[in-house]
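The lines below spell out each chain.
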Amino acid sequence: MGPVITAVILSFRDEAGNFTLANYLYIFKDPYFLKAVINTGIFVAISVTLEFVVAFSLALLINKRFRGAGAFLSLALIPMTLPPVAVGAMWSSGFAVHGWMNSLLYRLGFITEGEKIVFLGGTEFQSLMLIILIDAWQVIPFMMIILLAGLQNLPKESIEAGYIFGATRFTVLRKITMPMMKPSIQTALILRIISALQVWLIIVMIYGYRRIPVLVEEVVFYEEVLLNFYRVALAYSVIVSVIVSIVAVIYLKVSGAFEKAPE
Amino acid sequence: MGKKKLKKITTTTLFYLAVAFIAVVILLPIYFLFSISLMSDQEAYNWPIPMAPSFVNKFIIMKSTESEDKYVLSVYSKTRDEYITIYESADLDDMISFAERKTNSRIPKDLLLQKIKELEDVYRKNESEIKAAEEELKGLNERLRSLNSQIRKYRKKMEKITPEMTELQELKKSLEERVNELERQKDDVERRISELTRRLISIGSVSFTVPKNLFANYITFFKVTSDSIPALIRSIEVALATIGISLGIGGPAGYAFARYFFKGKNLLKLSVLFVRMFPGVSIAMPMVIILAKMGFYDRPIGLSLVYSVGQIAMTIWITASIFMGIPIELEEAAQIFGCSKWGAFFHVTLPLALPGLAASAMYAFIGSWSETAQAIILTQFHPTFPVVVYQTLVGAKGLVNLVAAGGVTMALPAILFTIIIRRYILQMWGGITI
Amino acid sequence: MAVLELINLSKRYGKRVWGARNINLKVNDKEFIVLLGPSGCGKTTTLRMIAGLEEVTEGRILLDGVDITDMPPRKRNVSMVFQNYAVWPHMTVYENIAFPLKMKKMSKEEIDRTVKDVAKLVNIYEFLDRYPRQLSGGQRQRVALARAIAVKPKIFLMDEPLSNLDAKLRVRMRTELKAIHHKTEATTIFVTHDQSEAMSMADRIVVMRNGRVEQIGTTDEVYYNCANVFVAGFIGTPPTNFLEMEIKRERGKLYLIHPLFRFELDDELAYQLKDYNKDKVIMGVRPESMMITNEKEGVFTQEILVVEPQGSHQIIALDLNGKIIKIVAPSFPRYRENEKIHVAFDKRRIMFFDIDTEQRINPFKDFHKE
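Residue numbers (this note's numbering), protein chains in the order written: chain A, 1 to 263; chain B, 1 to 434; chain C, 1 to 370.
None of the hints are false.
Per label pair, the in silico range of CB-to-CB distance:
(1) C/Lys75 with A/Ala161: 51 to 61 Å
(2) B/Asp187 with A/Tyr32: 46 to 56 Å
(3) C/Thr357 with B/Pro327: 39 to 49 Å
(4) B/Phe15 with A/Leu252: 29 to 39 Å
(5) A/Ile246 with C/Lys75: 56 to 66 Å
(6) B/Thr10 with A/Ala161: 26 to 36 Å
Incomplete in silico selection of chain B near chain C, CB under 8 Å:
(7) Glu329
(8) Leu330
(9) Ile336
Hints in this document: simulated from the structure, not taken from any laboratory.
Idealized CB from N, CA, C, for every residue including glycine.
Start from the sequences, fold in the hints, and give me the full structure.
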């Protein structure tokens, strides 16, 4: 807890050590700040939704215990455990103009030599979408595991009862499985939302700084890149923490789960 | 009942198709990362990138058309299906080192000399043919050049004629025809040129293959990127220290959690979750100041301390569930049958918990090994390995294969450990069994 | 010699929950004692205190006169068979049995001999090299047994060892355990909630409820000479029938009044109630102590509610003013539902209990008499 308090205190100080709001004002005046907030917001919204849907579907898929499900599961684990720098290397080499992505498409006949897709160009919005996909690649297994665990712990009889009493597969999914999965779903969502709010490394690795500003990225930017602005960075990080906590609390309140007991 | 079976077959096929698709999506990028890391500059900067790295390089050596004592070295490119010239020189050593850098193949000098001798023989045999072909080639190339400039001129003229100038439309059409004619001639010339080139190669060159050093990139990476080997060592140091601290504290704590009921147990569980919630990065920065005061800034110990703070929560969670999985009766039985409380722990609990503890150690290792964000902030001149790879990635984007090598080095231990402990990861997150 | 004494043994959890309260018991050498009672009655707690796995809050435990209350388990010279066997999964059967012997620092040859002897005794000799996970439940149970025997302790403790076995195996193991007890002659304390198990195995039974001892006695004593309503109702299947009766004294004779009948007490029975001054009493009669007879001898008459044929006997249920009474009768003659029967009591087997305290009033002294 100590470092947090130090951070907060320092963010309110200026060069001479006097109390000041200058650091915060600087941030609020910075045009990138607003962009960062918006970008982060969009990222979180789309990313979490997308990942949840895919992860849940995968979890359902694997839960069917088809032949090879075990191998498939191990496979699906791998993206989760790769170090972020490896992932960054992987995708930046892929999406470069001469990257393997284009090469593959070319070989498969989807594009011709003159039509190489510039993945890394495009508007800020398109780039954001790309990042969402790249991040999803790594994060979906994580959510999938939590959801899968929840699925496996469901009492089979409750679901079977649903089928016996006439519901279709989809209805069973909606009305029986999902409500019973509420705790797992909540865990997966809240963990994901919190990390999504703090996305930065993958963006920096592929796009560099300030191309798609997001909150934490700005923090690191001010800390690492502009060394003397570390107080601004601290102020930023306080803001980020506040935002994360607010979001977390809102989420918990809305989902009505303040008694969290992870098993 | 045929209909039902058909439906079943289609569903199953679709099902497996989906599975296969996802498997591809997962494996493809990893495969490419790995294969690119093994490719030479020549392969990697080619377009399109070959699907798999080659194990050997096929070279040809020809006599230079410019001067008598110069030789032209070309290497075979799979994607282009032709030989690409890489170096022209009389200095053989120069040629060898350049070739090595570009293609990751070191041509042994005596092999080169031997081939040159062969070349001289071949040349002498076919000298007249070669000379004739070279002459023709020169002529053709000139022709090509003039054709190209003509085409360009006509095109420029055509651009000037806009659709509104109705009188000149006729002219434009005739220009177009002319251009098309020229294009056709150009095609012929180009075809002849490539024919000739191939002929020239078959009569005027000597080929040889040299095995490629697949791991040259890795070696280069470690030599070129500053600090990489010390960084690697530091990463390992930090990871081990983190394991030590988090297991040392987390292990007994987990045991206490599992066996004893004490006040505030639920509170602790909640705070474990809470710590995870906090953005790690924002803690990192004030930690800089604190660590600096303690003298631990930019040193492995400092880093492992910070990592441990994050890891301990997870470790306690894991070890607690491991110990909870060992029925207390086993320990009690040991106590009845002759052990003290400690004896019971060593003879019964520990052996049974060992696999789980090993797994959590590996998990802590991976966590510490992969941690990039905090490392960037908390180190300055003594970075850990992921920071180095990160800097290379951000700084020198173009060196794709080099960066890939760094990436694979990072990824390898992670993948290895994951495969070993995959069962435990699954169990830990909620008892998944397949 | 292995004599165990529990003196005022008590165990408290937290501030107010008592697992066991004032347990007093003397176990004689070579005796097979059963702690019997429903879940939560404190039998396992008591056993674990004897083992040293639970700290004693109050009281003392003496083994052959030596106070072992504060000794760690390994010094107490006891061994235990757990309900879930507690066989160590990472050791082979051989190692499991040898472990305590190794702890005692016996020589290798001695250990080997002992292990093999015990394994033969318990019929698991073929499994010595296997791991517990390769064995069935019953086999694992035997391993636990072998391990406990090998140590040759002064006291054997068994915590519901047969509860996890299927019914047939359970019955078989009961006999085997008794046989082993005969052979080893070791003092044994056995915990169970199954009263028929207790009855078939025990020399003496300790009936417990809510942490306290309700009665200590031989099987006959706790069956025919119950100390209170609980014991009478817990032991025996089908359970004792309890009837609430009003006491009327008329013309020097004692009558028990029930809404449906009236029962005159002869001198012997009246003698039991001579010091009892309340106007209501609980009368307890076991199903097998009620007979179907003719109108003259019958105490009451009632329609049969349900007949349950059990092969060797039949159980007849009646509704007596809202209360279900069960009678055990020989298989023949076969009765039918709704048949009216006349019922009488075996006077020697009637037990009276205080209406408020539920304690037994003036127990028999010589019930063995025909």
